[in-house]
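Engineer: If you want the building blocks of each chain, they are given just below.
There are 4 protein chains.
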Amino acid sequence: MKIQVAVVGATGIAGQQVLAGLDNHPTFEVAALAASERSAGKSFAEAITDPDSGIKRWYVAGAEPAPAVMALAVQEARTLKLDGIDLVFAAVESEAARELEPLYARRVPTISTARPHRMEPDVPLVIPGVNLDHLALVREQKRRRGWQGFIATLPNCTATGMAITLKALEAQFGIDAVMVTTMQGISGAGRDLPALDIVENIIPYIPREEERVRIETRKILGRIGEGAIIEPPIRVSATCTRAGVISGHTESVSVALKTPASPEEVMAAFEAFGADFTRLRLPTSPRHMITVHRDPMRPQPRLDRDAEDGMTTSVGRIRPDEVLPNGVKYLLVTHNAAMGAGKGAVLLAEYLAHAGYLRA
Amino acid sequence: MKIQVAVVGATGIAGQQVLAGLDNHPTFEVAALAASERSAGKSFAEAITDPDSGIKRWYVAGAEPAPAVMALAVQEARTLKLDGIDLVFAAVESEAARELEPLYARRVPTISTARPHRMEPDVPLVIPGVNLDHLALVREQKRRRGWQGFIATLPNCTATGMAITLKALEAQFGIDAVMVTTMQGISGAGRDLPALDIVENIIPYIPREEERVRIETRKILGRIGEGAIIEPPIRVSATCTRAGVISGHTESVSVALKTPASPEEVMAAFEAFGADFTRLRLPTSPRHMITVHRDPMRPQPRLDRDAEDGMTTSVGRIRPDEVLPNGVKYLLVTHNAAMGAGKGAVLLAEYLAHAGYLRA
Amino acid sequence: MKIQVAVVGATGIAGQQVLAGLDNHPTFEVAALAASERSAGKSFAEAITDPDSGIKRWYVAGAEPAPAVMALAVQEARTLKLDGIDLVFAAVESEAARELEPLYARRVPTISTARPHRMEPDVPLVIPGVNLDHLALVREQKRRRGWQGFIATLPNCTATGMAITLKALEAQFGIDAVMVTTMQGISGAGRDLPALDIVENIIPYIPREEERVRIETRKILGRIGEGAIIEPPIRVSATCTRAGVISGHTESVSVALKTPASPEEVMAAFEAFGADFTRLRLPTSPRHMITVHRDPMRPQPRLDRDAEDGMTTSVGRIRPDEVLPNGVKYLLVTHNAAMGAGKGAVLLAEYLAHAGYLRA
Amino acid sequence: MKIQVAVVGATGIAGQQVLAGLDNHPTFEVAALAASERSAGKSFAEAITDPDSGIKRWYVAGAEPAPAVMALAVQEARTLKLDGIDLVFAAVESEAARELEPLYARRVPTISTARPHRMEPDVPLVIPGVNLDHLALVREQKRRRGWQGFIATLPNCTATGMAITLKALEAQFGIDAVMVTTMQGISGAGRDLPALDIVENIIPYIPREEERVRIETRKILGRIGEGAIIEPPIRVSATCTRAGVISGHTESVSVALKTPASPEEVMAAFEAFGADFTRLRLPTSPRHMITVHRDPMRPQPRLDRDAEDGMTTSVGRIRPDEVLPNGVKYLLVTHNAAMGAGKGAVLLAEYLAHAGYLRA
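Protein chains in written order, with the numbering used here: chain L, 345 to 704; chain V, 345 to 704; chain B, 345 to 704; chain H, 345 to 704.
Note that these hints are calculated values from the structure, not bench results. Careful, some of the hints might be misleading.
Listed next, the in silico DMTMM-like pairs over lysine to aspartate or glutamate satisfying Cα-Cα at most 25 angstroms (straight line) [claimed, not checked]:
| id | chain 1 | residue 1 | chain 2 | residue 2 |
| --- | --- | --- | --- | --- |
| 1 | H | Lys-386 | H | Glu-373 |
| 2 | V | Lys-400 | B | Glu-652 |
| 3 | L | Lys-602 | V | Glu-608 |
| 4 | B | Lys-400 | V | Asp-536 |
| 5 | L | Lys-400 | H | Asp-653 |
| 6 | V | Lys-400 | B | Glu-609 |
| 7 | V | Lys-400 | H | Asp-536 |
| 8 | B | Lys-400 | V | Glu-608 |
| 9 | L | Lys-386 | L | Asp-367 |
| 10 | L | Lys-400 | B | Asp-536 |
| 11 | B | Lys-400 | V | Asp-650 |
| 12 | V | Lys-400 | V | Glu-608 |
| 13 | H | Lys-386 | H | Asp-466 |
| 14 | B | Lys-400 | V | Asp-653 |
Work out the full structure: start from the sequences and follow the hints.
Structural biologist: In structure tokens:
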């Protein structure tokens, strides 16, 4: 029997991305949906359709969920029934996540795409294929909190793409400092970004984003110690901007390595990275954690965001940085709405199942 | 009587920008136009109109030139008649510039927007309000080459906006190193960039651009020595990308200063910069060389590129950089098709007239 | 002494467009501002600035209002003090307009950009230069309602551009039917349109828009009879879509004329149209109601929306229609946020002042 | 053994679309590639890669062709060897097509995506699933011209989407007249459209496009008579514009039917259309020729162009037209670079193979 999962925040963009990732899944079955009071009691199909106009709020490219999911009754998030549920995907806004996720995690493993619990010392902040060893924190978390389940969090989508590449470098060369300027896609802002602001424009500021990139990157690159992550003393300087691209974050990264490395060595490190993980061939896994381009015109968000179903990080223009000591620089494209969102959560769930964290 | 000018490359984008800057000008009169063989002999109006379809190739926003200019006969660039011409604006492609500009400069002062002569030791590479003292090279140039005229060049549009802000910092705090990631407007690429490449996309590479930013920035920031520019040992690391913005280059800049400065001191330095020059109130001059924004959502290319008719550099988000020593970072927007192109050339011409370099 | 005006809805887009149109105005002085409860009591500068982030909500291109306006205390719309106010600009949402406008109009002439009162029989729906004779309804309105002031409304921005051209045709050739497909700019939707919906896309439906175009066009083209408008039996078929253009509505129009006319005759009718009105040289008036393009590549919204400060309607590609009887077709571009919004309201106010409707 | 095909114009966009459609094809094997002199002699991989910069000119989304195709030597189009070739796809510019296609067709069946031969009386202009009976012209063509092969042409991409829907209406209700305004994607213009022209803009004119829509639509809807097509007396009025959408043509269509039909009847006609053809389940065939949307916000090019791999025509907003007699109107989205281009050509080839037109 498939692992039974609940998706909370199912009517929102993040939740719909999780649903899309779970569509026709070999391991998981969507057994429950939850959302705010407004949707509670309706079928999912009703909950996302405006009754007067017939306008449908299915925000994810591609087909709608299977009829069985469309017909599920949406529960209210606060009173979601957890009996028979093996795993909760919580894809809700920060404020709701702060309150709801502990409710679920008391009883059931909970994967969160939201911010509030990411930086708590006993909560793992993980990217599949990058720092899955951090999941060991889960034991400490259950012990301390006396929970049956746990919370495992995924990082901010902007941190995700960069951290994948940084981990490859940290492992081989060590890292002293990182500078990044991002050009982020619109879908990362959800439906709150008015068209009037971004069409034919660049917005130079994304509230809180640079801070998140800074602190989450360090936690992801940390070593697991005695029930906590020991963060490395890596300095991170981030400038986060929004560009008129639907999906795909483009990031211009410069890294000061601890030991010098040529562009060729960096390329080799990128291409070799994550083979242990991709070898597991989990259903949502990319074949390569990092895809290296030699054509200097790549990566481009429109052309490369969907590579390996949005689950690989595309890197190009690897070259020495003229300013930083042992500096190397490159550009990357990461699909903020795939590996950095719902599909990343599904991939993490697949690993949790594989490694025995569910139904344990 | 007004100063008589010729515009070479008049049918191209750069030339049309010069023409727009000269429209109804109090000091200059467009006395001659030149372009390639294909246009030679036609009136300017004919030269920019497709005879079959009636489609007009006037690329600059705003009105077409005055009827007197529309009626001028376009000459062939190679055989442009220089009698009675006091100043030539050469706005042509690199290859043509290499050959044509010396032809003109032998007899007449020539302002060039093109690349080939920028880095020659006796050729000034100037931004009005930034390093006009470099024009002193002109004497050396005339002496060495035995020319009656001279070539004065303007930098690459991407270098222009950044150099304006760097000069303000260099003067007060000194600079050790500069890192920049640009998101450049489409108009900087002229009409060669296919829509198919850039719509809903970022292009991570602009051939030769990063090198130009690196070397031109250093020359602009140099001190004038014995008939040559003494370049400062500033390291520059540039990553230049193209974004789906019509005009306006957005640049994310981090600077390692020689002496520490708070964001407030940097702001003050920016706001005070260039007052000696703007006080001249030349017709095309901005009122402020740099405009500082305190709203963190600014500057934005669509909203700020046209500030002060595209002649000011808009700066915002001034804050410490976490990685560079004495680091400060900020974003800027510069209008690549105004100060960084034709109107910058017209402003330089105004200064040349003011300072006695023409009809001397 | 200048005419004292109040602007209601001053913090919204429509209200800010009115304020921009009133900036430094020779006839009008902004004496009062009003908005919702949330802004009441704050200065206008405070009301449009987020106190935490410093982010400013000034949505209109170009400079902010003069310091005197920025310093005005914003009143609550419901309790706006009308003493000393000669004219109210009401630029609020439909629901608010339904309630507020009669409050004001009881005492003071009120110009409305909103929908609710447009189709009332004794309320004029006017475009300056097109059907100003409809203002005669105002006398009937005051009589019937026993008001000291009155409501005069402006049409939907999409109807505006087309009605200007239709009036020119109706006057000379008569009209039987009109078919139009629009490609409307984003600014017409205000800040409610998510970027995610429209970037690199066309949205085929704008709720209620087609109906408004249909009924408002007929009222505008009507003749004024005994205290009411006699609508002509013109059939109108509209399809309204949204395109990824910031401002400027492009409309593909086909008209069945009553009497045949060649493209040249239509062009002549367009170019001659409205001379009586433009001759008044009101401060915000275009020089030509309609600008005719002969270049088949025009009009384009980005190139032509700002012609004559956004107050002229640009028309091109005038040619026979192969399907409609006596058919002629053309494309037009109208600036939805200028003539079709705040600046149109200011122009109407200028005419009201000119014609003695204010301070009467 | 698979059917051996040659692709001429392989380095261009249209040719690459054909190649993408042939990738890993169950019936066809790419046995030869041809292009202009410039590419002749190089492997396909070399021909599309700039040797200096490493920049690759593979324009089609998705993966490059299989290694075997990348390694094929590109022949010069004029001297393409036809021995062993069963079918030629000619995807070249008009001028080249005029000369080259008869060269091939003399010996081998040739499918053309180009314009020159479309309107010749004995050349079928076919859309798979719409008017495949027109292929009977091929016998006449071979007889008259004494050719072993033949030319079969596909229509202009804009005509394609509309003709599919019109055929469904014509068959059931008859058609008197059609009016259409298009908003066409950029990819339809290939790489010749400068970004500067279309970003944040609408271009109101596409040279020759309206005429093509008019005449090709009539030929497609014609009945096959004695060795020629008998065109129906349907009047067509087209206005073709370009919008800032990468791919997908959106078309606003109004049709005057011969016999009245309700929106529901039209919907039913659309949904039933083409079942005989889709039942063949050819490899590249859509499952439905037409996909009807009930959500009024659909179809949208970004969301719907890729439905059924770009091979279905998406229709929505079906409603009565207020002007035309027995008028019905709707919007459609067709993928100009799929059914309207290379993949449409592959689908036609599949039908030719199925129906015995190849290797006959």
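Engineer: So, for every hint listed, does it hold in this structure?
Structural biologist: Cross-check of the supplied hints:
The suggested pairing of H/Lys-386 with H/Glu-373 holds, with an alpha-carbon distance near 20 angstroms, which does not exceed 25 angstroms. Between V/Lys-400 and B/Glu-652 the CA atoms are separated by roughly 20 angstroms; this keeps the pair inside 25 angstroms, and the hint holds. Restraint check for L/Lys-602 and V/Glu-608: the C-alpha separation of about 33 angstroms exceeds 25 angstroms, so the hint is violated. Of the pairs offered as hints, the one joining B/Lys-400 and V/Asp-536 is violated, with about 37 angstroms between alpha carbons and a cut-off of 25 angstroms exceeded.
Of the pairs offered as hints, the one joining L/Lys-400 and H/Asp-653 holds, with about 22 angstroms between alpha carbons and a cut-off of 25 angstroms not exceeded. Between V/Lys-400 and B/Glu-609 the alpha-carbon distance is near 23 angstroms, which keeps this suggested pair within the 25 angstroms criterion. Simply put, V/Lys-400 and H/Asp-536 have alpha-carbon atoms about 17 angstroms apart, close enough for the 25 angstroms limit, and the pair holds. Our distance criterion of 25 angstroms between C-alpha atoms is met by B/Lys-400 and V/Glu-608, whose separation comes to about 20 angstroms.
Under the criterion of a C-alpha separation no larger than 25 angstroms, the hint pairing L/Lys-386 with L/Asp-367 is consistent with the structure, at around 20 angstroms. Between L/Lys-400 and B/Asp-536 the alpha-carbon distance is near 17 angstroms, which keeps this suggested pair within the 25 angstroms criterion. The straight-line distance between the Cα atoms of B/Lys-400 and V/Asp-650 is roughly 18 angstroms, inside the 25 angstroms bound, and the hint therefore holds. Of the pairs offered as hints, the one joining V/Lys-400 and V/Glu-608 is violated, with about 49 angstroms between alpha carbons and a cut-off of 25 angstroms exceeded.
Of the supplied pair hints, the one linking H/Lys-386 and H/Asp-466 is violated, its CA atoms being roughly 37 angstroms apart against a limit of 25 angstroms. Restraint check for B/Lys-400 and V/Asp-653: satisfied, since their Cα atoms lie roughly 22 angstroms apart, inside the 25 angstroms limit.
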